[in-house]
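Participant: Below, each chain spelled out in residue letters.
2 protein chains.
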Amino acid sequence: MVRRLLRRGGRGRIARAVANMRPGDVAVMMRAFTPAEQFDVFKLLVTEEIGHAGEILLELDPQSRLGLLTQMKPETIGRLLETLSSDDAVFVLDALPEELQKQVIAIVDLEEEKFSDVQAQLAYADDSAGRIMDTEFLALEESTSIADATEKLRNFARDVDMISYIYVIDDHGRLTGVSPLRTLLLADPDKNLGEVKNPSVIRVHTDTDQEEVAQLAARYDLLAIPVTDDENRLVGIVTIDDILDIFKDEATEDFFKMAGTSDDELVYEDRSLKVAGIRLPWILFNLVGLLLAGLVVNRFESTFHTALLVGFIPVIMGMAGNIGSQTSTIAVRGLATGRLKIVPGQLKRFTWQQMKVGAILGITCSLLVSIFAFFQTMHPAIPVAVGVSLFLTVQLASLNGVLVPVLFQRLGFDPAIASGPLVTTSNDVLGILIYFSMTALFFSLLGVGG
Amino acid sequence: MVRRLLRRGGRGRIARAVANMRPGDVAVMMRAFTPAEQFDVFKLLVTEEIGHAGEILLELDPQSRLGLLTQMKPETIGRLLETLSSDDAVFVLDALPEELQKQVIAIVDLEEEKFSDVQAQLAYADDSAGRIMDTEFLALEESTSIADATEKLRNFARDVDMISYIYVIDDHGRLTGVSPLRTLLLADPDKNLGEVKNPSVIRVHTDTDQEEVAQLAARYDLLAIPVTDDENRLVGIVTIDDILDIFKDEATEDFFKMAGTSDDELVYEDRSLKVAGIRLPWILFNLVGLLLAGLVVNRFESTFHTALLVGFIPVIMGMAGNIGSQTSTIAVRGLATGRLKIVPGQLKRFTWQQMKVGAILGITCSLLVSIFAFFQTMHPAIPVAVGVSLFLTVQLASLNGVLVPVLFQRLGFDPAIASGPLVTTSNDVLGILIYFSMTALFFSLLGVGG
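Residue numbers (the working numbering), protein chains in the order written: chain E, 1 to 450; chain D, 1 to 450.
These are calculated hints, taken from the structure and not from any lab test.
There may be inaccurate statements among the hints.
Which copy is meant is left open, so a pair is good if it fits within one copy or across any two.
To be verified - Straight-line alpha carbon distances no greater than 16 Å define the calculated EDC-like cross-link-like pairs of lysine to aspartate or glutamate that follow: (1) Lys356 / Glu269; (2) Lys43 / Glu55; (3) Lys356 / Asp270; (4) Lys341 / Asp61; (5) Lys341 / Asp25; (6) Lys248 / Glu212; (7) Lys348 / Asp270.
Based on the provided sequences and hints, a complete structural model is requested.
Facilitator: Written out as structure tokens, the structure is:
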């Protein structure tokens with residue numbers, strides 16, 4: 001419908017139609033538009049000063065958002081930012097190319113309190129609580145009466161739509177307690193906040209990683225988590241809608257990393273060269289590993305002269321890849337959700353467990369392959385060599401699948417990066433080395449030539 | 001500390017220590033205990049009637065939860081369930097083995113309203129909104145004044161800790177609007193709910209899949225989503241804490257499925273045979289595919305007599321696996337988050353895009369491998385054959401990586417299932433077929449023998 005209006009040029013009607021839609025719905029609609037159409041609609045929203053143009057921007061795909069922003073004047077972006085909460089403004093600024101970001105920051109009025117907050121927030125590390133927090137929250141001193149607090153809450157509610165807690169602070173702004181709205185509803189109006197507050201508050205530091213923030217919120221079923229600075233002063237909150245986004249984004253990030261790429265792909269979706277560039281390093285790494293595996297194959301093959309050996313290379317490589325990626329997936333996901341902690345007892349139990357499962361699968365597959373190999377080759381050594389190598393490869397792949405992610409986590413890297421291509425490549429090369437060593441061993445043990 | 005107390009048998013002190021801990025913290029602590037220790041602590045919580053024993057149960061690992069429940073008497077489980085909200089009670093009942101579930105249901109007082117709700121909820125499909133919803137919510141009629149609504153809210157808040165909306169219903173219980181707490185705070189006490197309500201409510205049906213419920217909540221930044229039946233009557237709500245769990249669980253489920261296993265592994269974590277059994281079907285499927293690939297290798301190899309050909313099998317297989325899993329990961333994740341919709345325009349654009357990226361990567365890798373092959377083999381046909389096959393394999397792997405998940409989604413299966421082992425196995429076999437066909441072609445074109 002909007003597209004039809006666009007063609008006919010019914011600007012006023014488009015603006016009215018979109019003004020009545022929820023930002024989330026506009027974003028879904030925009031996904032079906034070409035970039036040029038998106039820009040037409042969005043320009044209209046901005047020039048007609050439709051209140052929620054900024055919110056629509058937030059809901060768009062990263063790629064569409066960047067596309068629109070880079071076509072807009074810095075002044076226009078500045079005006080849009082003013083309609084957003086501080087965390088959302090930081091989010092939009094973060095998405096801008098560096099040059100444009102500087103221009104926008106230079107233009108927006110730095111005197112205004114909100115934008116000095118935004119500047120301070122941009123100084124925190126990527127993905128830290130300080131970077132993603134919202135600086136609009138309701139914090140009242142302990143001596144505030146329930147009646148006063150209710151009145152202040154009412155004023156605050158005019159501007160902010162998601163309020164779940166009132167935070168209690170001392171006269172230095174230090175966080176001393178929390179009071180859910182429910183407490184306010186039930187408490188005697190003559191009491192003061194200090195009397196009804198819950199003094200044990202789950203809080204995070206501005207430097208805390210967003211993944212940990214999200215895990216805490218989920219573990220304690222919180223609707224918002226307060227963020228404090230080095231002096232324990234309350235400086236912001238991370239609300240549940242952002243926590244939901246963190247869970248989605250972190251999972252997406254891990255999916256992409258485990259496949260040997262990165263979620264930056266989503267931003268550059270329609271630029272094939274850029275996307276290929278993101279994937280290329282890991283692909284080349286894997287390619288080198290595979291060429292190496294090929295050299296090993298050639299080196300050994302020439303010493304055996306038995307063509308039948310070659311037929312089992314796919315089995316060894318494929319199984320190593322499979323079992324390795326199962327184990328590493330489970331390890332990476334365990335580390336990401338906090339289920340698997342790197343403490344000696346738990347790590348040992350997990351590794352042992354994965355090895356046992358690998359052993360059961362390894363024995364089953366090895367037996368089947370050996371029987372198959374026996375009937376196919378009727379050779380005295382090949383079935384044994386294939387069976388034993390497959391078993392060893394699967395065991396090593398399981399161990400590799402646990403240890404590589406754990407090692408990466410310990411070294412402070414994201415374990416998801418390691419999981420996909422690194423585990424796969426090393427398992428490919430190791431599997432082929434094992435296969436041909438075992439073959440050499442059993443051929444000589446059984447006294448048969450290749 | 002609790003463990004030390006356990007050894008010394010300081011039961012009263014343990015109970016007091018645990019009573020002061022948050023359920024989430026108790027769950028983390030329990031993870032470090034042996035099953036026997038877990039049972040000791042939990043029995044104590046139940047016999048000393050520590051209020052939040054039920055909530056602690058909810059926060060435990062699925063495996064520990066099942067372990068504790070199967071050791072408890074049905075009567076005790078029944079008493080625990082009574083302390084939980086309806087959605088949590090359904091969740092615990094769902095985790096029980098069928099026999100024990102029946103016993104517990106037979107024992108709990110069916111006259112009590114809550115448990116008739118629970119019974120009704122168990123009748124809804126797994127993972128549907130009806131199954132996971134909470135039947136405790138505040139629904140008031142349109143004619144209720146703001147002052148009355150505030151009073152009713154106050155009463156309701158005594159029992160329920162997460163309230164974000166008041167739902168507005170007509171005299172048949174049909175959902176006609178919603179009013180956030182904030183509206184109540186700001187509205188004139190003499191008005192009635194019908195006047196201040198927002199009549200456009202995002203709602204789901206009892207049959208809606210939980211993944212869709214979670215996507216809606218995220219898209220519209222909602223703290224709860226109302227669930228209605230066929231007559232549009234409000235029967236429950238899904239709250240944001242559950243939505244958060246859905247996101248976590250669905251992502252975990254997809255990670256496991258894409259690795260060719262299932263998140264049931266988490267329930268049977270310490271039972272290796274059971275876990276191996278979960279993984280075995282896909283492993284065997286893959287094994288058959290790989291043996292097939294091996295037969296193809298043997299079949300062609302004997303016609304060529306050139307050992308050098310074999311060295312590139314790992315490259316062809318490995319690259320097909322890599323590119324295929326990248327594409328399928330992105331497709332599966334796109335389908336799960338709702339970014340990729342199966343509508344002709346979007347699907348065509350996505351497929352085309354992935355093919356282009358595959359082509360860039362394919363050309364790069366093929367050139368590198370051809371150059372490598374030329375210097376390694378000095379053969380007139382092998383470098384061309386390897387390069388062309390690698391390019392074709394990568395293109396086919398990209399196409400496969402998009403089409404298989406999309407096809408599964410269309411057929412009503414979870415696309416994540418298809419992605420891992422199915423795409424990998426078919427790419428392995430296809431890659432090797434292409435490689436040897438191309439080799440045969442170029443050998444005959446260039447008039448060289450194997």
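Participant: Next step is simple, just say for each hint if it's right about the structure.
Facilitator: Against the structure, the hints:
1. In the homo-oligomer, the alpha carbons of Lys356 and Glu269 lie at most 16 Å apart only across protomers (11 Å), although the nearest pairing inside one protomer, at 42 Å, exceeds that limit.
2. Taking CA atoms no more than 16 Å apart as the test, Lys43 paired with Glu55 passes inside one copy only; the shortest distance there is 14 Å, against 50 Å between copies.
3. Taking CA atoms no more than 16 Å apart as the test, Lys356 paired with Asp270 passes between copies only; the shortest distance there is 10 Å, against 45 Å inside one copy.
4. In the homo-oligomer, the alpha carbons of Lys341 and Asp61 lie at most 16 Å apart only across protomers (13 Å), although the nearest pairing inside one protomer, at 34 Å, exceeds that limit.
5. When the C-alpha separation of Lys341 and Asp25 is checked against a cutoff of 16 Å, the pair qualifies only between copies, where the shortest distance is 14 Å, while the shortest distance within a copy is 40 Å.
6. Taking the closest pair of Cα atoms, Lys248 and Glu212 come within 16 Å of each other both inside a single copy (14 Å) and across two copies (14 Å).
7. Taking the shortest Cα distances, Lys348 and Asp270 sit within 16 Å of each other only across copies (13 Å), while inside one copy they are farther apart (45 Å).
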